[in-house]
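**Student:** Sequence:
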Amino acid sequence: MTLSEAALRVGLTDADLDPKNLNPGELWWKDQYDWLQQAGYRLRSRFSPDWEPSWSSSSSTQRWLHEDSLRTRSDVISHATQVEGGGYVVLKRVDRDKYPLEVEISSLLAEEPLRSDPNNHCIPSIEIMAHPTDDNIVILVLPVLRDFDDPPFDTVGEVLDFIRQFFVGLAFLHENRIIHGDISINNVMMDASGMYPQGFHPINNLRSVDFEHWIPHKYTRTEKPPRYYIIDFGLSKHIEEGESPLPMRAGTDITAPEYLDKSKTVNAFYIDVYCVGNMIRQEFLDGDAEGIRLGYHSFEFLRPLLTAMTDPEPEKRPTMPVALAKFDEIVGGLSSLTLRSQSRPKENEDFVTNFERSIRHWYKRLTYVIKRRPPIPTAGT
Numbered sequence: 001m002t003l004s005e006a007a008l009r010v011g012l013t014d015a016d017l018d019p020k021n022l023n024p025g026e027l028w029w030k031d032q033y034d035w036l037q038q039a040g041y042r043l044r045s046r047f048s049p050d051w052e053p054s055w056s057s058s059s060s061t062q063r064w065l066h067e068d069s070l071r072t073r074s075d076v077i078s079h080a081t082q083v084e085g086g087g088y089v090v091l092k093r094v095d096r097d098k099y100p101l102e103v104e105i106s107s108l109l110a111e112e113p114l115r116s117d118p119n120n121h122c123i124p125s126i127e128i129m130a131h132p133t134d135d136n137i138v139i140l141v142l143p144v145l146r147d148f149d150d151p152p153f154d155t156v157g158e159v160l161d162f163i164r165q166f167f168v169g170l171a172f173l174h175e176n177r178i179i180h181g182d183i184s185i186n187n188v189m190m191d192a193s194g195m196y197p198q199g200f201h202p203i204n205n206l207r208s209v210d211f212e213h214w215i216p217h218k219y220t221r222t223e224k225p226p227r228y229y230i231i232d233f234g235l236s237k238h239i240e241e242g243e244s245p246l247p248m249r250a251g252t253d254i255t256a257p258e259y260l261d262k263s264k265t266v267n268a269f270y271i272d273v274y275c276v277g278n279m280i281r282q283e284f285l286d287g288d289a290e291g292i293r294l295g296y297h298s299f300e301f302l303r304p305l306l307t308a309m310t311d312p313e314p315e316k317r318p319t320m321p322v323a324l325a326k327f328d329e330i331v332g333g334l335s336s337l338t339l340r341s342q343s344r345p346k347e348n349e350d351f352v353t354n355f356e357r358s359i360r361h362w363y364k365r366l367t368y369v370i371k372r373r374p375p376i377p378t379a380g381t
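Each residue of the sequence shown is one higher than the last, beginning at 1 in the UniProt record's numbering.
Keep in mind that the hints were calculated from the coordinates and are not lab data. Given the structure is predicted, the values throughout are model-derived calculations rather than measurements. Don't be surprised by glycine CBs; every beta carbon is placed ideally from N, CA and C. Hints are not guaranteed to be accurate.
Derived DEER-like restraints, expressed as beta-carbon distance ranges [what the hints assert, rightly or not]:
1) 211 - 113: 51 to 61 Å
2) 65 - 288: 32 to 42 Å
3) 25 - 115: 27 to 37 Å
4) 42 - 246: 38 to 48 Å
5) 124 - 37: 32 to 42 Å
Below, computed lysine-lysine pairings styled on DSS-like, alpha-carbon distance capped at 25 Å [unchecked claim]:
6) 92 - 20
7) 20 - 30
8) 30 - 92
9) 316 - 326
10) 98 - 30
11) 262 - 316
12) 316 - 264
The whole structure should be built from the sequences, with the hints applied where relevant.
**Tutor:** Structure (structure tokens):
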């Protein structure tokens with residue numbers, strides 16, 4: 001099936017696919033170009049009012065080598081450079097009608113003392129800007145992050161550092177009476193600036209910031225431990241003392257038993273715990289039902305904890321602080337050999353390939369032992 005045929009199946013035309021044409025979401029951002037620049041944020045050249053595609057004289061196969069041919073993943077997200085300093089940032093459009101509490105929660109988390117709390121693993125807002133003409137729209141200015149598993153994990157210890165930071169972040173939210181409401185694999189990201197000291201392009205992370213060349217990651221997580229962040233607070237809510245902890249509405253994961261059985265208690269804190277446990281179980285143990293994620297070898301020791309976190313009876317699930325303490329107890333009983341062992345996805349690989357990877361892996365791990373690198377990276381809390 002060609003790309004054009006696939007597009008037609010979902011109602012798209014060749015014109016929709018042609019990067020010379022801005023889609024409706026992009027046109028909205030184009031209309032914001034001037035005031036955002038005055039506010040200190042210059043959108044990519046693609047959104048300039050006088051933009052002309054830079055690949056006009058190139059063949060169609062070469063247009064993907066041009067930065068301004070790139071579209072963002074979401075209509076509500078765009079990228080800009082800071083007029084002062086030149087660094088990339090993420091701009092997120094928040095519609096208050098659809099997500100009435102997102103700005104409130106983002107503001108709360110950006111204020112002291114929560115902002116500087118080391119247990120706060122929520123994406124920090126750089127600035128929160130009101131739209132000049134539409135009171136219903138707010139722009140969140142956020143740092144550029146990277147998918148949490150890109151590049152892939154090298155060791156079991158690196159994975160456990162990710163999981164622990166994730167647990168710490170959710171425990172922090174719950175201890176401050178904030179529910180996330182939409183825990184999913186797409187709502188956790190990574191600050192990989194240490195692994196990529198020269199930076200990377202915010203849309204095509206395999207390219208340099210200026211889009212001129214391909215870039216490898218210079219360091220592993222063990223060498224330059226990253227910090228992981230929870231993102232997207234569109235369904236989050238601050239629960240006041242005495243207030244019933246009901247969710248805004250169901251998030252991405254709708255498999256919690258209380259969604260299916262109306263006789264069960266619906267408590268947003270319990271649902272967060274379920275979604276965390278279910279996400280880790282699918283990502284690192286069993287894979288998902290669609291077969292997109294296959295899971296990893298070597299993490300069965302987490303199953304009892306994850307089973308407790310996804311208990312069909314909401315009240316029997318541990319709180320996030322209790323789950324974190326149990327996680328630390330489990331990890332504390334693992335040997336250095338286990339922690340330094342390879343984190344292998346459950347892929348269909350032949351013996352020779354696995355053997356070669358294992359040799360390379362242990363050679364690298366030996367250098368970490370010699371350099372006294374800890375088996376679990378320690379940048380995060």
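**Student:** Out of the numbered hints, which ones does the structure contradict?
**Tutor:** Hints 1 and 5 not satisfied by this model.
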